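Protein chains: 2
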Amino acid sequence: MYELHFAVPMAGAILCTLNSRLDAAMVSVLLEHSQAKILFVDYQLLEIAQGALNLLRERGTELPIIVLLTDSEYSSTIDITSTSYEYEKLVDVGHNDFNIVRPRSEWDPISVNYTSGTTSSPKGVVYSHRGAYLNSLAAVLVSQMDLFPVYLWIVPLFHCNGWCLPWGVAAQFGTNICVRKVSPKNIFDDIIQHKVTHMGGAPTVLNMIVNSALTYRKPLKNKVVVMTGGSPPPSQILFKMEEIGFSVSHLYGLTETYGPGAFCAWRPEWDMLPPQERSKMKSRQGVPHVGMEEMDVKDPATMESVVADGKSVGEVMFRGNTVMSGYYRDLKATKEAFKDGWFHSGDLAVKHCDGYIEVKDRLKDVIVSGGENISSIEVETVLYSHPAVLEAAVVARPDDLWGETPCAFLKLKQGFHTNSQEIIHFCRDHLPRYMAPKTVIFIDLPKTSTGKIHKLVLREKAKALGSL
Amino acid sequence: MYELHFAVPMAGAILCTLNSRLDAAMVSVLLEHSQAKILFVDYQLLEIAQGALNLLRERGTELPIIVLLTDSEYSSTIDITSTSYEYEKLVDVGHNDFNIVRPRSEWDPISVNYTSGTTSSPKGVVYSHRGAYLNSLAAVLVSQMDLFPVYLWIVPLFHCNGWCLPWGVAAQFGTNICVRKVSPKNIFDDIIQHKVTHMGGAPTVLNMIVNSALTYRKPLKNKVVVMTGGSPPPSQILFKMEEIGFSVSHLYGLTETYGPGAFCAWRPEWDMLPPQERSKMKSRQGVPHVGMEEMDVKDPATMESVVADGKSVGEVMFRGNTVMSGYYRDLKATKEAFKDGWFHSGDLAVKHCDGYIEVKDRLKDVIVSGGENISSIEVETVLYSHPAVLEAAVVARPDDLWGETPCAFLKLKQGFHTNSQEIIHFCRDHLPRYMAPKTVIFIDLPKTSTGKIHKLVLREKAKALGSL
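Protein chains in written order, with my numbering: chain P, 5 to 472; chain U, 5 to 472.
Source of the hints: derived by calculation from the structure; they are not laboratory data. Keep in mind the model is a prediction, meaning the values are calculated, not measured. Please note that a few of the clues may not be correct.
Copies of the same chain look alike in the list, so a pair counts if it works inside one copy or between any two.
Straight-line alpha carbon distances no greater than 27 Å define the calculated BS3-like cross-link-like pairs of lysine-lysine that follow [claimed, not checked]:
1. Lys302 to Lys339
2. Lys199 to Lys227
3. Lys225 to Lys199
4. Lys302 to Lys364
5. Lys336 to Lys451
6. Lys284 to Lys189
7. Lys442 to Lys336
8. Lys364 to Lys339
9. Lys93 to Lys415
10. Lys302 to Lys459
11. Lys225 to Lys339
12. Lys415 to Lys336
13. Lys199 to Lys442
14. Lys41 to Lys336
Required output: the full structure, derived from the provided sequences and hints.
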């Protein structure tokens, strides 16, 4: 995947990385929507790929060429008769004098990143060469990455092209450490063995590190910078990470902003604050990085900036080179996202008097589980398709390991009966496993005065449940 | 000057910084050529400015508005009747609600930097907003400047807009330390008092530091990165700097490349090399930075890249966003500089097998004195204007303090008599003082087979003289 981040654009083609947790149905939809011509498949995901190809075949869609990637652990007992090429063999027959196909315009697309895939509305976020270049430099700068960094890949490359760091690490002459499996033992082993200087990871990964068995831990010989995002690092985890020897940077952004669009630039004077205050400062989403032209908190109705008082709430909006070109083949969603000339993040925030922003809530009720964004609406759509369900609402339940897990509140149709396990299994049959609710509660759903389901009340109920 | 690097572009105007060592005649020429509308003058340079204005008045040229800058040492006995405004008073009446005038295009000019000023051929290097933005980020990256740096200004802001670091330091939330006078004592005092993390300086400044009286020196509490360029740092100076606690980075570029276009990216494994080898590595001009698209060493006749063997000599050429837009009001020189689609640096170099370049000689015989570029041709033009001079050639003489000083070789016309002192005074009357030769030698000039003056022989003679 790292090599392909160079090979594909240099061949004049467009990258479209797919989430490795997707099921065959979703993969088939995204292959079709992206009009992919070549599918590179790791051997561990071959079965899903083959399932997706079967679905495409059934629909009469043209199939992409398959290139299989293997490694030393690859067992040839896997059936690869349906694959066209093996990656390493393909590389072997490449030409040394191949001329790089440069983009005709710097605005040409370099990649498409799908934010969340449902059969109804996959959204392909288009990145340009220009944006990816500038975000690479910005990501290096916000990571405080000196020359010759050693970067441990934990953030998947299918997440905003790894925040554009495949290119950023290369620009800094860096070394990339790629691992098949992320575990506390592996993380510590890799850091020591390869002299890792930087890594990224969702709060879940931080959680995994601080809660790891002491036998796995090794004393860090140098400071390791960990970039985290998705949700602010909880204070306890933050302090424990720093005790172990990590330096945690809090980044903020969306797929539509090439990953991090802002960061909590840590002011040296904040080192002196008492722990609780420091944690409060660190949880801010901060200021835009140098690749982003503008980030603001605005009233979406009037497009006026909110007062920088730490209280007035508005929607976080971005504009600049490191905002997506648009959603692939979805002009309607693109126009909506760029209403009034700004990209609407869907996140609600306040602006502090020093200009740092702090996200307070999500407009779209996204659930962030293990670093993956789960749209509550997508899960609800599946729940609504269950014969017994009358009303459904999904919100986040706090979780020590995953950060959050989906929690479903359901009202059943009169005369119908089911139970939590049956609902969970139903969801697992129709969604990627990680998107299925882990908790199901049957109640009369609270409503707002206008008759809508009162999600705020449900969020509070889910919060009160505590971690699973 | 630092404030104006923001105020002028934000007013929709174009910066044109003038070398503070220029004389009134040169300033008048550059004011006329640049068509400057406002002249900001430090009170210490007011006399030169007034002299320049008088010359403009004599020529019937429209005069710019004058804005006087003062400081606490300013004595009001200086005649400022001819000035229109005082800077601080002007700032006081500014409007808080002033709307920034953004460039219509990112290719719009942000500044003009004059490379060397003679009445015959001032060359105004035009920088664009786009190039300055990218070079700011690149300068931060090659300087390994983390967030919240403290930058000591020794490189003048009239040199390539301080390598674009006024903007780069701001982008990293940095602190700027500006000083009136550069001396070893001041440098050490400022570093300690302000916790300086980064500074730039010509090899002359490094020389000044390592040869400073021990009483001025103070132990450095943290590593101070010093970026140097113009000519490679001599090994002895390099090692002494590192002993004192500085980390020296070798940068390479020209005014036409926004300052540094390349840098000797220091590979960690080079730390293990014996001192002489390390010094050899450090003296390389290196590799292009991430803002520069391409740097290559080419045969200017065929435009073929030289073989990367460390021996084959060619001309260093650049292309990319951080190459100037062109020379202001000089299409002929612009076309010449960009012949065949690459900017021709005029420097001769080899390329090593690892891709690092090493400059071997200068096509144009530029003399680098105290960080200032002196064109030998400009000095020769003045010498040729002396009634007694038949032939003149100016080359660099090595100098412990200045790096190099101009050394003139002259053949007098038959029947004419003069002496070194008279020639030096003549040059000082017609050139900025620093450009006047410090050494004058009367000989029959050696010639090449094609009848041209054999500068290589003269350079060797000047070298053999040793330091003044």
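Verification of the supplied hints:
1. Lys302 to Lys339: within (18 Å within a copy, 48 Å between copies)
2. Lys199 to Lys227: both (10 Å within a copy, 21 Å between copies)
3. Lys225 to Lys199: For Lys225 and Lys199, the Cα distance is within 27 Å both inside one copy (8 Å) and across copies (26 Å).
4. Lys302 to Lys364: For Lys302 and Lys364, only the intra-copy Cα distance (14 Å) is at most 27 Å; the inter-copy one is 57 Å.
5. Lys336 to Lys451: neither (30 Å within a copy, 75 Å between copies)
6. Lys284 to Lys189: For Lys284 and Lys189, the Cα distance exceeds 27 Å both inside one copy (30 Å) and across copies (42 Å).
7. Lys442 to Lys336: Neither way: Lys442 and Lys336 sit 33 Å apart in one copy and 73 Å across, limit 27 Å.
8. Lys364 to Lys339: within (25 Å within a copy, 56 Å between copies)
9. Lys93 to Lys415: Answer is neither; intra-copy 56 Å and inter-copy 71 Å both fail.
10. Lys302 to Lys459: within (23 Å within a copy, 66 Å between copies)
11. Lys225 to Lys339: So Lys225 and Lys339 fail the 27 Å test inside a copy (50 Å) and across (54 Å) alike.
12. Lys415 to Lys336: neither (33 Å within a copy, 80 Å between copies)
13. Lys199 to Lys442: neither (38 Å within a copy, 53 Å between copies)
14. Lys41 to Lys336: within (25 Å within a copy, 49 Å between copies)
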